[in-house]
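A.B. asks: Now for the letters of each chain:
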Amino acid sequence: MSVSSTRSLSNQDHWQFVAACALSLILMVTDEQTQVVMEARMFLSSAIQPLEWLARLPENWIGQGNRVLTERSALTSEIDKLRLQVLLLSQQLQQSQSINQENDRLRMLLGVASRINQGKLLVGIIVDHSPDPFRQIVRINKGLRDGIITGLPVMDAQGLMGQVLSVNLSESDILLVSDLAMQIPVRVVRTGARGIVQGDGNNELNLKFLPTTSNIREGDLLETSGLDGRYPSGIPVAEVISIKSQAGSVFWQVTAQPVAKVGSSREVLLLINQTKPNTEVITP
Amino acid sequence: MKKIRWLPSQQDSHNRWVVFFSLLMGVLLDSISWSGDWGVAIPDVTPLILLYWVMAIATNNFLVTAFFFGLLHDVLYHTGMGTYALIYCFLLYPMLHLRLQIRNKTLVQMSLFIGVWMLAHQVLVWLITPANHLAMENIAFWFAIPISILLWSFIFLSLRVLRRNMNVR
Numbered sequence: 000m001s002v003s004s005t006r007s008l009s010n011q012d013h014w015q016f017v018a019a020c021a022l023s024l025i026l027m028v029t030d031e032q033t034q035v036v037m038e039a040r041m042f043l044s045s046a047i048q049p050l051e052w053l054a055r056l057p058e059n060w061i062g063q064g065n066r067v068l069t070e071r072s073a074l075t076s077e078i079d080k081l082r083l084q085v086l087l088l089s090q091q092l093q094q095s096q097s098i099n100q101e102n103d104r105l106r107m108l109l110g111v112a113s114r115i116n117q118g119k120l121l122v123g124i125i126v127d128h129s130p131d132p133f134r135q136i137v138r139i140n141k142g143l144r145d146g147i148i149t150g151l152p153v154m155d156a157q158g159l160m161g162q163v164l165s166v167n168l169s170e171s172d173i174l175l176v177s178d179l180a181m182q183i184p185v186r187v188v189r190t191g192a193r194g195i196v197q198g199d200g201n202n203e204l205n206l207k208f209l210p211t212t213s214n215i216r217e218g219d220l221l222e223t224s225g226l227d228g229r230y231p232s233g234i235p236v237a238e239v240i241s242i243k244s245q246a247g248s249v250f251w252q253v254t255a256q257p258v259a260k261v262g263s264s265r266e267v268l269l270l271i272n273q274t275k276p277n278t279e280v281i282t283p
Numbered sequence: 000m001k002k003i004r005w006l007p008s009q010q011d012s013h014n015r016w017v018v019f020f021s022l023l024m025g026v027l028l029d030s031i032s033w034s035g036d037w038g039v040a041i042p043d044v045t046p047l048i049l050l051y052w053v054m055a056i057a058t059n060n061f062l063v064t065a066f067f068f069g070l071l072h073d074v075l076y077h078t079g080m081g082t083y084a085l086i087y088c089f090l091l092y093p094m095l096h097l098r099l100q101i102r103n104k105t106l107v108q109m110s111l112f113i114g115v116w117m118l119a120h121q122v123l124v125w126l127i128t129p130a131n132h133l134a135m136e137n138i139a140f141w142f143a144i145p146i147s148i149l150l151w152s153f154i155f156l157s158l159r160v161l162r163r164n165m166n167v168r
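Line by line, the protein sequences are chains H and V. Going by numbering that gives the first Met the number 0, the first sequence opens with residue 0, and the numbers climb by one from there. Going by numbering that gives the first Met the number 0, the second sequence opens with residue 0, and the numbers climb by one from there.
These are computed hints drawn from the structure, not numbers from a lab. Don't be surprised by glycine CBs; every beta carbon is placed ideally from N, CA and C.
If you anchor each label on the Cβ, the simulated ranges turn out as follows:
1. GLU70(H) / VAL122(V): 43 to 49 Å
2. ILE61(H) / ILE138(V): 26 to 32 Å
3. ASN103(V) / ARG71(H): 56 to 62 Å
Generate coordinates for the entire structure from the input sequences, incorporating the hints supplied.
C.D. replies: Structure, rendered in structure tokens:
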């Protein structure tokens, strides 16, 4: 530290110190006993108000940021709740439609009691998809710590999406119904005829093992039969879009389109704590 | 015959503005309200800045400045008018005596000296201001002393850069 000149304390400095201390003490006593210095305090307070305002700015910004984030978070939470509600209502509607149709056909004896309501429903968000273009696999943001296990059925608001293929701590891979490796036992809602649908790897399904003697037509809805114990019965799976007969074959060549929006759904519904699913993983 | 100077020179006036604004920055920093129990561990920056200028500009005693900024702190901290003015004057007076010795010390030695001054500051605050009697229950209040020792290097170097850039002599 360098200075151009220095000096020792002069008498003036001593007197200034004494005067400042005396004035301070007088002010302290006056402020304690009277209201005389109130105006001086108000004046100084006004003078430093801009400084205090500046000092509060960061805190205000942080506060406003927190408030915006909180509001946004609350809205997001509300939207999530509403989406869950829509999913639940859609799923209940699907189930009731299915039950009504079963009642209409007087085929209750063949029906398998729906187990959808026996489990806990969990909503997952699709966060990624398989880098392999030949596989129909998506990743959701729910994993082992959410109670997800391999083999659980996965739905969206329209119908069956697929099943849980693999699980890690916080995420799971879902094998979509349209994957080549996916096979689901189904029945035709209108007639009750049973078959198995298999994904074709290209957003369509093939209904297999449906005899040519069976009554089937375009627009028929296929739902899970529940016979394999993996999927609860009554979940809509696909809608028949074309029927062909192949010479020499005793089965129809039926093409169906998944009712679930496998390519565009963002939220999926998982049934957990239901009857223990078959944990066998289907591999291509 | 030696000419007596009654009016402040241009250099004095320049110095005063720089000192004034640096102390205003100190008041600004002291105005920030730190949340939590450990907020009391944040030392007042204004007395540290004041001590720097007392050491840096040996031609001025800064007692009036200390008194004025003490009053500002009284308003800021809602203490009785004159309380901090008295504390700052008490802090400055021994520094006026010792500044020629202290400013020749190394930065580390200087920081330790400043620690002594800040100990005096905390004790005076504790003794004079009624609200700080609660300080005995909160050990964080005394942590302001080691923190100010650490802070001193930063304040010293920053103000030295300012002083050199602004040509304060």
